[in-house]
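Each chain is listed here by its residues.
Number of protein chains: 2
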Amino acid sequence: MALTSISKPLAVTAGEPAGIGPELCLALAGTAWARRSVIITDPDVLHARAERLGRRLCVVSYDPAKPGSAALPADGLWVLAQRMPRPAVCGHPDPANAAALLDGLRIAVDGCLKGDFGALVTAPIQKSTINDAGIPFTGHTEFLAELTGTPLPVMLLVAGTLRVALASTHLPLSAVPAYITAGRLTAVIEVLHADLRAKFGIADPDIVVCGLNPHAGEAGHLGREEIEVIEPAIRALCAAGLKLRGPLPADTAFTPAAGKPDAVLAMYHDQGLPVLKYAGFGRAVNVTLGLPIVRTSVDHGTALDIAGSGKADAGSLLAAVELAAKLAGA
Amino acid sequence: MALTSISKPLAVTAGEPAGIGPELCLALAGTAWARRSVIITDPDVLHARAERLGRRLCVVSYDPAKPGSAALPADGLWVLAQRMPRPAVCGHPDPANAAALLDGLRIAVDGCLKGDFGALVTAPIQKSTINDAGIPFTGHTEFLAELTGTPLPVMLLVAGTLRVALASTHLPLSAVPAYITAGRLTAVIEVLHADLRAKFGIADPDIVVCGLNPHAGEAGHLGREEIEVIEPAIRALCAAGLKLRGPLPADTAFTPAAGKPDAVLAMYHDQGLPVLKYAGFGRAVNVTLGLPIVRTSVDHGTALDIAGSGKADAGSLLAAVELAAKLAGA
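Protein chains in written order, with numbering that gives the first Met the number 0: chain A, 0 to 329; chain B, 0 to 329.
It cannot be assumed that every hint is accurate.
Intra- or inter-copy, both count: the list cannot distinguish identical chains.
As the list claims (entries may be wrong) - Once the Cα atoms are required to be at most 30 Å apart in a straight line, the calculated DSS-like pairs of lysine-lysine come out as:
no., residue 1, residue 2
1, K259, K310
2, K113, K65
3, K242, K310
4, K242, K65
Everything labelled a hint here was simulated from the structure, so no lab data went into it.
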């Protein structure tokens, strides 16, 4: 099957070369996803990891200008080659490679925006190593938002039919209550609603919104943010035609008592993600909503301690690739 | 089988007579649990509910002084009779019955302390109705702690093999960070550890402690409570011989990556209970640790909207009875 006969390929960035990202990408070789994916990294990184793990690998250089030109053998991966200044050493990220890693992301995003790629899938990077290189960097999501001029990226985690979006992400718990304003909450819900329609193809999404406080504040006895912030935001959006339910107690929102919403919006990280990771351990996918491109990601880090050992589970990357293809309509 | 041939019976308070509590108790009739339970309520409440639901019921008066004296027919329930001043109307709690309800709890606790009963199981009450009667009341747990002179009751939720304890319970989210002091945390862990040993029979409990902040603070980048409060408390307790792991990110603590701890200690309500309710919907049990008696409870409220309809699911009450019997060694 020639590439030209199928949809646009996915751009898959291999992430931190000292982490598990490269070996997760190797797991694509030999699967049906190999022909639908282009790995963005230094070919030497993939070759070295394949050798270390005793795997055969044929790297085929991919040219976005001639997508159908190169055949892919059974043990092959298409690679859009970059050069890392320094060889990768498993478990020991090198700040000297940080700038090249970010270049890889730029190449991938440009390719998505130009239409060379159908979607972006990212393997994990090591935030602290990029900072050690003197580059201010708070995470993939924020970097991609900046690259694409996205004012408000929204984090959505997906595990099977369970979808959990976050109204706030990586904040100390003490900063959460003040962060949740009616304006921010409204903007997050609008992005969630728009992308459930545009990317997930759900015509009239049913969204459950959690309260901020336990028991959703219990009529003001356990906090007033529901009454003063969340309920007014929900009311205004419902009046504009959105199908929202809430604020619901978070310990009800994920149970059968809440029905089967298309997504649950948690107010903060640890209100929503423990359930998601419990339900979908090893196959959860992170989707960034609000971007002009489809972007999915694994739900785990670089796992430096097991990089190169062959122990890494590629379940989340495979799920991220599969979901990216689905969202891109590929 | 005469009662004298089995262990001490469980005291089961039927809870708010206008709620689903009475019909949950009816579900015990005809099961093996009927001979091991004594319902504490007004017999008229049970009779009226049975009639409304078209169920046969034989109420047999129970005398704690003569536990083996009364035979129990197949459709019977032992009842330690109280009198409610006013008849119950499904869905409409009456503050006139509030004092009698609390008397029922006192009778049950006294019976447990005297050794007449092996444990206490509580059906739900309506906090606001008790307050409407002019009685200050913040919940079953606090009331039972006061009755038994317990300085620090600890809430543990159980669903199958998953056990989740809470370091703080019904507080607005904004009040949580300041509430979690090293002293409180230490005291909660000591109660949890002691009761996992004494009541659950786990000789050397393995406890996972969650961080307060997302990613357990990510080395101070997302909050410093882990470094300043939680880690020192854990270190001191580990030095004293306890088997504690953490602080772990809450979205790791409930996954296979955290192993299979005997309990997870969440720092606050919505960090721990969404997972527990997701995992154990309809069969979760609330256990109050730290009391001198065994007390379990359903994990839901009075459900006034469906009281008397026959729709209430008795799964949680049956699970609460079963767990109480187990913890009491019955």
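Results for each hint:
| no. | hint | verdict |
| --- | --- | --- |
| 1 | K259 - K310 | between (35 Å within a copy, 20 Å between copies) |
| 2 | K113 - K65 | within (14 Å within a copy, 85 Å between copies) |
| 3 | K242 - K310 | between (43 Å within a copy, 27 Å between copies) |
| 4 | K242 - K65 | neither (45 Å within a copy, 60 Å between copies) |
Consistency with the previously given hints fails for number 4 only.
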